[in-house]
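> These are the residues of each chain, in order.
There are 2 protein chains.
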Amino acid sequence: MKYNKILLDHGSGGKASHQLISEILLPLFDNAILAGLDDGAIFDIGGKRLAFSTDSFVVDPIFFPGGCIGDLAINGTVNDIAMCGATPIYLSVGLIIEEGFPVEDLNRILYEMKRAAQKADIQIVTGDTKVVSKGAVDKIFINTSGIGIVDDGIHISGQNARPGDKVLISGAIAEHGMTIISHREGLTFESSLASDSAPLNHMVKKMLSVSKKIHVLRDPTRGGVGTTLNEIALQSKVGIQIYEHLVPIKPDVAAICELLGFDPLYVANEGKLIAVVPFDDAEKVLSTVRENEFGKDACFIGEVVDENPEQVFMITRIGGHRIVDMLAGEQLPRIC
Amino acid sequence: MKYNKILLDHGSGGKASHQLISEILLPLFDNAILAGLDDGAIFDIGGKRLAFSTDSFVVDPIFFPGGCIGDLAINGTVNDIAMCGATPIYLSVGLIIEEGFPVEDLNRILYEMKRAAQKADIQIVTGDTKVVSKGAVDKIFINTSGIGIVDDGIHISGQNARPGDKVLISGAIAEHGMTIISHREGLTFESSLASDSAPLNHMVKKMLSVSKKIHVLRDPTRGGVGTTLNEIALQSKVGIQIYEHLVPIKPDVAAICELLGFDPLYVANEGKLIAVVPFDDAEKVLSTVRENEFGKDACFIGEVVDENPEQVFMITRIGGHRIVDMLAGEQLPRIC
Chain A
0 MKYNKILLDH GSGGKASHQL ISEILLPLFD NAILAGLDDG AIFDIGGKRL
50 AFSTDSFVVD PIFFPGGCIG DLAINGTVND IAMCGATPIY LSVGLIIEEG
100 FPVEDLNRIL YEMKRAAQKA DIQIVTGDTK VVSKGAVDKI FINTSGIGIV
150 DDGIHISGQN ARPGDKVLIS GAIAEHGMTI ISHREGLTFE SSLASDSAPL
200 NHMVKKMLSV SKKIHVLRDP TRGGVGTTLN EIALQSKVGI QIYEHLVPIK
250 PDVAAICELL GFDPLYVANE GKLIAVVPFD DAEKVLSTVR ENEFGKDACF
300 IGEVVDENPE QVFMITRIGG HRIVDMLAGE QLPRIC
Chain B
0 MKYNKILLDH GSGGKASHQL ISEILLPLFD NAILAGLDDG AIFDIGGKRL
50 AFSTDSFVVD PIFFPGGCIG DLAINGTVND IAMCGATPIY LSVGLIIEEG
100 FPVEDLNRIL YEMKRAAQKA DIQIVTGDTK VVSKGAVDKI FINTSGIGIV
150 DDGIHISGQN ARPGDKVLIS GAIAEHGMTI ISHREGLTFE SSLASDSAPL
200 NHMVKKMLSV SKKIHVLRDP TRGGVGTTLN EIALQSKVGI QIYEHLVPIK
250 PDVAAICELL GFDPLYVANE GKLIAVVPFD DAEKVLSTVR ENEFGKDACF
300 IGEVVDENPE QVFMITRIGG HRIVDMLAGE QLPRIC
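Chains as they are written, first to last, in numbering that gives the first Met the number 0: chain A, 0 to 335; chain B, 0 to 335.
What the hints contain is simulated information worked out from the structure, not anything from laboratory work. We put the beta carbon where it would ideally sit given N, CA and C, even for glycine. Be aware that one or more of the hints could be misleading.
As the list claims (entries may be wrong) - Think about it this way: if two alpha-carbon atoms lie no more than 27 Å apart in a straight line, the pair counts; the simulated BS3-like pairs of lysine-lysine are:
#1 Lys283/B with Lys205/B
#2 Lys295/B with Lys1/A
#3 Lys1/B with Lys118/B
#4 Lys14/B with Lys118/B
#5 Lys47/A with Lys212/A
#6 Lys204/B with Lys47/A
#7 Lys47/B with Lys205/B
#8 Lys283/B with Lys47/A
#9 Lys204/B with Lys113/B
#10 Lys4/A with Lys14/B
#11 Lys138/A with Lys1/B
#12 Lys133/B with Lys138/A
#13 Lys4/B with Lys133/A
#14 Lys113/A with Lys283/B
#15 Lys138/A with Lys138/B
#16 Lys211/B with Lys113/B
#17 Lys236/A with Lys212/A
#18 Lys113/A with Lys204/B
#19 Lys211/B with Lys47/A
#20 Lys14/A with Lys133/B
#21 Lys113/B with Lys1/A
#22 Lys295/A with Lys204/A
#23 Lys14/B with Lys133/A
#24 Lys47/B with Lys211/A
#25 Lys1/A with Lys14/A
#26 Lys4/A with Lys283/B
#27 Lys249/A with Lys212/A
#28 Lys138/A with Lys205/A
#29 Lys204/A with Lys47/B
#30 Lys118/A with Lys236/A
#31 Lys204/B with Lys295/B
#32 Lys295/A with Lys212/A
To be verified - Looking from chain B toward chain A, a few residues come up when the C-beta cut is under 10 Å (computed):
#33 Ser132
#34 Ile148
#35 Gly152
#36 Ile314
Stated by the list, open to error - Here are some chain B residues pointing at chain A (derived, C-beta under 10 Å):
#37 Leu27
#38 Asn30
#39 Phe62
#40 Tyr89
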C-alpha cells in the first residue's frame, strides 16, 4: 500500500477498502473460500452447504430514527447471510462496552436486538462481553457473526452476473446513510427521514422459492449502490448499465442529499438488496419482492451488458452517459 | 442490576460479569443453546454437531512478550471451540482499527494471525474491517468467531462434572496475565516472563482420542483458574477441592504476583486448559496431555466432591481450608 497509516477511507467500503483487502488481506489469508469475496463464506459440512459471515457495528450515533446499533447489528449479519442465498439460523454477539455506559441504554440496545432477532427468526446462541476503560472505545461496538444454510440448487455469488440479466433493487436508496448524517449534524427539519434497517432474509427466501436461478444478491450498505454494482461488475467481469430515472429515491432523501452534497448512489442502505436475475425469471422475482413488506417499491434499474466489462455506466435523465465509479474517499465514517 | 452504569468489573469474567449475563442477557435471549453457558454453542446441522463461538480482543498493549493481539485472537477462539470438544475448522475475523494506526503494525498483527491460524490448522474464511476516527477506539480491536465439528460420542460441558472426577491442568498458571500487567507497568526486570498464548486444539483432539469420557474442558482465561473452577462447580452443582501445593506456577511468575499483590488463581491464562476427567481415565488423559508441546507440565490439582456443592475449596500448603470464590472486581482490565 502507498500509505503508512490506516485512513478512514480504508473503512469506507469503497476504493481504499478494496485496496486494503486485495493488497494486504487476501495475499496473506489466501484460500479459495475467502477469495470468493462475497458477503459471507460458503462451505460444505456433512453434505450441507453453510454460509458464515461476520460484521462489526460502530455506528455513531447509537440511537437514530428507524433503529439503533442493536437492531442494525442483527439485521446487518442476517442480511449478509441472506445475500449468500442462505437461511440464517444462528448468530453470535460480541459486545465491547465503554466503562460508564448507561445500563439503561444497554438494556434498550439489547431489547432491540431481541426484537430484531425475533423478526428475522434467528437465535442468538453464543456471546462475549468486554468492558474497556473510559476513552478506549466510543460508547459501544457490537460484532455479530452468523451461520445459515444454503438450500440445494442455489448458487448465488458476485461472480455470477451474466449479460442480459436484469438488475433489481428492492426499494428507495440512501435512507440509512442520510438519516445518520442528518442526525449527527443535528438537522432536525427532516422529520420523515428514518433508517431503512430491516431483515431481508424472508424476502430472499421467497425470491429463491420462485427462482433458483437468481445470480447475485447483495445489500448495498457501505459504499452504497454505486460501489456494490462496481463490485459485481468486477467480480463477474461484465458491464452494468443503469438508468438514472429508474433509481428510486424519496423526494426528502434526494433533497437532503442535494443540500449536503452527497451523491445518493454512494450512500449506505441497511434494508435494501440488489438482485441480478436472468431475464426470463426477472418479472416473477420482481413481483415476489413487491409482495414483501420491505420490497413494495422494488423495480429494475438496469441490466448486465457485454460492453465495458468491469465498469458501471449510468444513462442520465438527459440521456448522457456517466461512469459510476467505486466510492473514492470516505464520505460518511461510522455509518454502520 | 444494582448499578446504573457499566463498570470495568462487568468485563472481568468474574462475579459482575456473571451478574450481567444472568440478570440481563440470559433472560432476554432465553434459549436452550445459550443457556448452556459453555465456551461456545453446540447445535445440530444436517446430522453433524457444530460448535460456534465468538470473542472480542481488546488487549492492551497490543504487542507483548510471547505474542500480540493477532495470535491471541486466533488462539482464543480456537481454544473456545476446542473446549466444546470440537475440532475448529473455520474462523471469521472482524477488525476495528483507529484512524492513523500504522500499516506496519497492522501487517505485523495480520502476519501473526496467519501464523497462528496455520499452527492451529484452521482457515480464515470471512472478515470485516471498520476504521473509526482517532479516539473512537484504542488502536485496534479484533473479533474472531469460529466453527468446529464435534465428533460422535463426545459430550463436553461445564454441567458434566461428577464427584470422583479428577481435575487436571495442562501447565503452570498466571503467565499471560502477569506478562501483560508487567509490560503495562513498565516492569522490565522479569525478562523471562512471556504470555502462554497457544492453540490447544491438537492437544484436545489427542485427549479425546484416548478418552471420550472427558466431562469438562475449559480454558481459564479472564478470571483465571479460580473463577473457571467456580463456573464448573456452579454449572455441575458439585464441590471442587484443589490442593495449593499441586497448583503449578513458575517461580518468577509467583514472585511477580507477590510483588504486585495478585492472587495467581485469578490471573488469566491463554494457553492452558482445565479438564475434569472420570477417575478411571484420568491417568491416560494426563500422559497424553504431557506428550503435547503445550502440556509438558500438566498435573492433577484436585478432584470433584459431593460436599459443598457449587463451591471451590483449596487445601492450603499448611493444611488449612480456604474458600476459592469467583473473582470479585476487576483486577486486570483489557487482559485479552
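> Look at each hint and say if it fits the structure.
Against the structure, the hints come out as follows:
no., hint, in the structure
1, Lys283/B with Lys205/B, "holds, 11 Å"
2, Lys295/B with Lys1/A, "violated, 46 Å"
3, Lys1/B with Lys118/B, "violated, 44 Å"
4, Lys14/B with Lys118/B, "violated, 34 Å"
5, Lys47/A with Lys212/A, "holds, 19 Å"
6, Lys204/B with Lys47/A, "holds, 24 Å"
7, Lys47/B with Lys205/B, "holds, 20 Å"
8, Lys283/B with Lys47/A, "violated, 36 Å"
9, Lys204/B with Lys113/B, "holds, 21 Å"
10, Lys4/A with Lys14/B, "violated, 40 Å"
11, Lys138/A with Lys1/B, "holds, 20 Å"
12, Lys133/B with Lys138/A, "holds, 14 Å"
13, Lys4/B with Lys133/A, "holds, 12 Å"
14, Lys113/A with Lys283/B, "violated, 45 Å"
15, Lys138/A with Lys138/B, "holds, 15 Å"
16, Lys211/B with Lys113/B, "violated, 31 Å"
17, Lys236/A with Lys212/A, "holds, 19 Å"
18, Lys113/A with Lys204/B, "violated, 36 Å"
19, Lys211/B with Lys47/A, "holds, 26 Å"
20, Lys14/A with Lys133/B, "holds, 21 Å"
21, Lys113/B with Lys1/A, "holds, 22 Å"
22, Lys295/A with Lys204/A, "holds, 16 Å"
23, Lys14/B with Lys133/A, "holds, 21 Å"
24, Lys47/B with Lys211/A, "holds, 26 Å"
25, Lys1/A with Lys14/A, "holds, 13 Å"
26, Lys4/A with Lys283/B, "violated, 52 Å"
27, Lys249/A with Lys212/A, "violated, 31 Å"
28, Lys138/A with Lys205/A, "violated, 38 Å"
29, Lys204/A with Lys47/B, "holds, 24 Å"
30, Lys118/A with Lys236/A, "violated, 36 Å"
31, Lys204/B with Lys295/B, "holds, 16 Å"
32, Lys295/A with Lys212/A, "holds, 22 Å"
33, Ser132, "holds, 6 Å"
34, Ile148, "holds, 7 Å"
35, Gly152, "violated, 16 Å"
36, Ile314, "violated, 34 Å"
37, Leu27, "holds, 5 Å"
38, Asn30, "holds, 5 Å"
39, Phe62, "violated, 16 Å"
40, Tyr89, "holds, 6 Å"
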